[in-house]
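A.B. asks: Protein sequence lines, in the order shown, are assigned to chains A and B.
If you number the first sequence the way the numbering used here does, the last residue is 340 and the count never jumps.
If you number the second sequence the way the numbering used here does, the last residue is 656 and the count never jumps.
Rather than coming from a laboratory, the hints here were simulated on the basis of the structure.
Incorrect hints may have been included.
[To be verified] Here are the in silico distance ranges between beta carbons for each label pair:
no.	chain 1	residue 1	chain 2	residue 2	range
1	A	Gly219	B	Asn401	46 to 52 Å
2	A	Lys199	B	Pro217	51 to 57 Å
3	B	Glu604	A	Asp124	56 to 62 Å
4	B	Phe194	A	Ala270	56 to 62 Å
5	B	Ile512	A	Thr57	32 to 38 Å
Ideal Cβ positions, reconstructed from N, Cα and C, are used throughout, including at glycine.
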Amino acid sequence: MKNLTFIIAFIIVLITSNCNNNSNVVVVYTTVDQIFSEPVLKEFESGTGITVKVVYDTEETKSTGVLNRLIAEKDNPQCDVFWSGDPVRTIILKNRGITTPFQSQVANDIDMVFKDPDYHWTGFSARARVLIYNKNLLAAADVPRSIFDLTKEQYSGKVAIANPLFGTTTFHIAAIFTAVGDEKAKQFLADLKSNAVVIATSNGDVKKRVVQGEIACGLTDTDDAWEAIKEGANVGIVFLDQQGIGSLIMPNTVSLINNSPHPANAKKLMDYLLSKETEAKLAKSCAQMPLHKGVEIPGNIPSLDNIIPMKIDYDKTAKKLEEIQYYLKEWAEN
Amino acid sequence: MGRKLIEHPFYAIIFGSFVFFIVIPVAYTLGTALFADSSLTDNLQLLNKDTFLLLAKSCIIAFSIALLSTLFGTALGFLLYKTQVPFRSFFKIALLIPLFISPYILAVAWKDFFFLLFNNTDFISSYIGVILVLTSIFTPLSMLIVGSALANINAQLEETGFVITDFRSVIFKIMLPLIKPALITSFVLVFIFSISEFSVPAFFGVKVFTTEIFTQFSAFYNHSLAILQSALLILLCVLLLLSERKYIADAPFLSVSGKGKSTKFYNLENKKWISLFFLAGWFFISVILPFIVLIVQSFQDGIAKFVQAFELLKPTFGNSLGLALAGALITVFIGFTVAYPTWSGVETKSGKSFDWLLLVVFAIPSTILGISLIKFYNHPILDFIYSGYAIILIGYTAKFSFISAKLIGNAIMQIPNSLDEAAQIEGIALSKRIQKILIPLIMPALFAAFVINFIFCLGELGITIMLYPPGTEIMPIKVFTIMANAPQSLTSSMTLIVFSVTLLIIACLYFIGKTFFKDYSNVNN
Numbered sequence: 007m008k009n010l011t012f013i014i015a016f017i018i019v020l021i022t023s024n025c026n027n028n029s030n031v032v033v034v035y036t037t038v039d040q041i042f043s044e045p046v047l048k049e050f051e052s053g054t055g056i057t058v059k060v061v062y063d064t065e066e067t068k069s070t071g072v073l074n075r076l077i078a079e080k081d082n083p084q085c086d087v088f089w090s091g092d093p094v095r096t097i098i099l100k101n102r103g104i105t106t107p108f109q110s111q112v113a114n115d116i117d118m119v120f121k122d123p124d125y126h127w128t129g130f131s132a133r134a135r136v137l138i139y140n141k142n143l144l145a146a147a148d149v150p151r152s153i154f155d156l157t158k159e160q161y162s163g164k165v166a167i168a169n170p171l172f173g174t175t176t177f178h179i180a181a182i183f184t185a186v187g188d189e190k191a192k193q194f195l196a197d198l199k200s201n202a203v204v205i206a207t208s209n210g211d212v213k214k215r216v217v218q219g220e221i222a223c224g225l226t227d228t229d230d231a232w233e234a235i236k237e238g239a240n241v242g243i244v245f246l247d248q249q250g251i252g253s254l255i256m257p258n259t260v261s262l263i264n265n266s267p268h269p270a271n272a273k274k275l276m277d278y279l280l281s282k283e284t285e286a287k288l289a290k291s292c293a294q295m296p297l298h299k300g301v302e303i304p305g306n307i308p309s310l311d312n313i314i315p316m317k318i319d320y321d322k323t324a325k326k327l328e329e330i331q332y333y334l335k336e337w338a339e340n
Numbered sequence: 132m133g134r135k136l137i138e139h140p141f142y143a144i145i146f147g148s149f150v151f152f153i154v155i156p157v158a159y160t161l162g163t164a165l166f167a168d169s170s171l172t173d174n175l176q177l178l179n180k181d182t183f184l185l186l187a188k189s190c191i192i193a194f195s196i197a198l199l200s201t202l203f204g205t206a207l208g209f210l211l212y213k214t215q216v217p218f219r220s221f222f223k224i225a226l227l228i229p230l231f232i233s234p235y236i237l238a239v240a241w242k243d244f245f246f247l248l249f250n251n252t253d254f255i256s257s258y259i260g261v262i263l264v265l266t267s268i269f270t271p272l273s274m275l276i277v278g279s280a281l282a283n284i285n286a287q288l289e290e291t292g293f294v295i296t297d298f299r300s301v302i303f304k305i306m307l308p309l310i311k312p313a314l315i316t317s318f319v320l321v322f323i324f325s326i327s328e329f330s331v332p333a334f335f336g337v338k339v340f341t342t343e344i345f346t347q348f349s350a351f352y353n354h355s356l357a358i359l360q361s362a363l364l365i366l367l368c369v370l371l372l373l374s375e376r377k378y379i380a381d382a383p384f385l386s387v388s389g390k391g392k393s394t395k396f397y398n399l400e401n402k403k404w405i406s407l408f409f410l411a412g413w414f415f416i417s418v419i420l421p422f423i424v425l426i427v428q429s430f431q432d433g434i435a436k437f438v439q440a441f442e443l444l445k446p447t448f449g450n451s452l453g454l455a456l457a458g459a460l461i462t463v464f465i466g467f468t469v470a471y472p473t474w475s476g477v478e479t480k481s482g483k484s485f486d487w488l489l490l491v492v493f494a495i496p497s498t499i500l501g502i503s504l505i506k507f508y509n510h511p512i513l514d515f516i517y518s519g520y521a522i523i524l525i526g527y528t529a530k531f532s533f534i535s536a537k538l539i540g541n542a543i544m545q546i547p548n549s550l551d552e553a554a555q556i557e558g559i560a561l562s563k564r565i566q567k568i569l570i571p572l573i574m575p576a577l578f579a580a581f582v583i584n585f586i587f588c589l590g591e592l593g594i595t596i597m598l599y600p601p602g603t604e605i606m607p608i609k610v611f612t613i614m615a616n617a618p619q620s621l622t623s624s625m626t627l628i629v630f631s632v633t634l635l636i637i638a639c640l641y642f643i644g645k646t647f648f649k650d651y652s653n654v655n656n
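My request is simple: use the sequences and hints to build the entire structure.
C.D. replies: Following this line, the structure appears as structure tokens:
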């Protein structure tokens, strides 16, 4: 009986030990890799004294676990701030009424193209879609310069792309549909398939295959590519279509959750994330390109001033994405 | 007497709590998802020929894994439980390791191994790869189930057989028919685990039914269709378990009591070294190879990443161990509550329905279970549950109570009724009989159920990732959230640490069990 009492007491203590009674808290759900987002959030915590409670996502769930959780929690939100690595997920949440407008004064000088017209999300620190290539397998002269080059016979079986149903690859393909029209985009995908493109499980998998030399080149995000370089891999990066449709730029986005439990702290955190200081930190840690003017960045990090961006409307591209998803599923699986 | 037992208030409280905390949330979510806004009619139309073809394909893969695992598990079980092969105590524990490591991590290690060796991963990134990796993971489960059944065969039956016939006939005419229920149980359970597995086929880029559910859930956000597809999977699993129950009538498996029975050991003679080679080979392939890959990757940049990995994981150890401990205690408690009415054959309808509820909940995919719990518990009035560890413990209880109930139930079935009957004649109360007769006799089984569920809770990812409270540090979650974009050496180091912690715990619990239950001859079985 004594043992049973002890066990019950232990379980009760454990159950109640994590119940939060602290009101000076902000709850963040993020799809940004923990290795990059955690240091930023820790600095906010130490600078303001506001406890930051975070839910991170995993590669295994293709960073969709947090989004599904936000959707499931819609009627009684637990989260205050959603920090996304791209605008796609944020737009899904906006369309489902999960986010609410917040116009941060800190982001006034960020171009409107990187903001939701109704301020349901605001962009900062951007990544770009790039081609990563293995220098041992592709000579500089042979490296593709346009995404449409990937359908050429010389790259048959040498190109990898992540599953286009998930993550930034989905948005990239939707952006191509928006930029060149449905017919041309579908032809491009059909040609890519005929050219024996390798469909990897994620952008990280694309990077890994190129780094290991399993595949000559592949489409990925700048942070993945820079991480490979940082690790000393013999790879190069190309911003595609600088003479054509441009490279897709994907800002991080931050949104305030509708009926969030700690809105005041949420707004403080959003201001912090949208600040020049955060952009400088993310530029240093994961080569993200600042959207504010005049942010100091390391010399080897590209600046948006030197890249021709793909001219897209993020909202329209998100709508296009919903339109083409079944087509993409068919393309990826058959 | 039976009615009295079932109507025991303690049993009623546990039964009622399980229904309230777990069954109602799941039924609520399934009901609202399937019947809201005519979605059932719309989605039923989407369950077309392709859906059923995909389900059939997944069944074939799961069938292959179940068959191979049961075959290899039987061979390994025979060597370890029916012969005196050298180092058998070591192998009994060591060969279980893949069962307790996340399938995703093993899939990553296997893919890297193929690349290191062949510079190509096409072979492993295929149906064959999924079958091979999952077979290596689930064979220990078959080994445990079949091995326990082999150990529990009454030696007299075999001895009598040898008097009148040869070894081959004893195997095929006596031993195999006797362990047929365990073989079927092994096949059915591995089939269910395999068909429900998502991470390995997803990582290898192989389309199966679970990846389709995931796509509907996470790419199309069509929760209704995902739940409907999951319902098909649940139905299939329940039908399989139903047929297993109907035809083998709860035959003992994973039995760890067997007190009083003697086991006949076979002399391997000149086949001793070949058998040892087979065991060592299996150990090398299923445990050492992935371990070597992790070590090579962990230390390729020196020791710094390993140290960093340890620092990252350090804050998670306390929470994870505490949660696993509480999860194991609760599931063992529930397992015992479900199983004890079978003692003396007093099980009634309510006892059976509790058993069935555990089984149905066990068959629900983790993501669906997680979403169900969120939708039900995420209300202001239940915030004290949802915002704390209680929600994770509810998830563990839903997922693992079936395992402990099965383990403990089979141990209880082996206790002779005469013991209870004698105590009843003496007028001893039920609570006293449970305390003084039943619990001491099944203590090794309770401990085994505790150990197995402790390890399962410690590595659980599917539900935990959906439910973990913001700001909480839990070991498997940390490994998987850090994995994205971290250097290979860091993620391998973290995996290696988790691998080592699990190993250490298995070893500690094994020695605790050995010390405390040395009187129970079959505890190691």
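A.B. asks: For every hint, state whether the structure bears it out.
C.D. replies: Outcome of the hint check:
no. : hint                             : verdict
1   : A:Gly219 to B:Asn401: 46 to 52 Å : holds (48 Å)
2   : A:Lys199 to B:Pro217: 51 to 57 Å : holds (55 Å)
3   : B:Glu604 to A:Asp124: 56 to 62 Å : violated (36 Å)
4   : B:Phe194 to A:Ala270: 56 to 62 Å : holds (57 Å)
5   : B:Ile512 to A:Thr57: 32 to 38 Å  : violated (24 Å)
Of the numbered hints stated above, those contradicted by the structure are hints 3 and 5, listed in ascending order.
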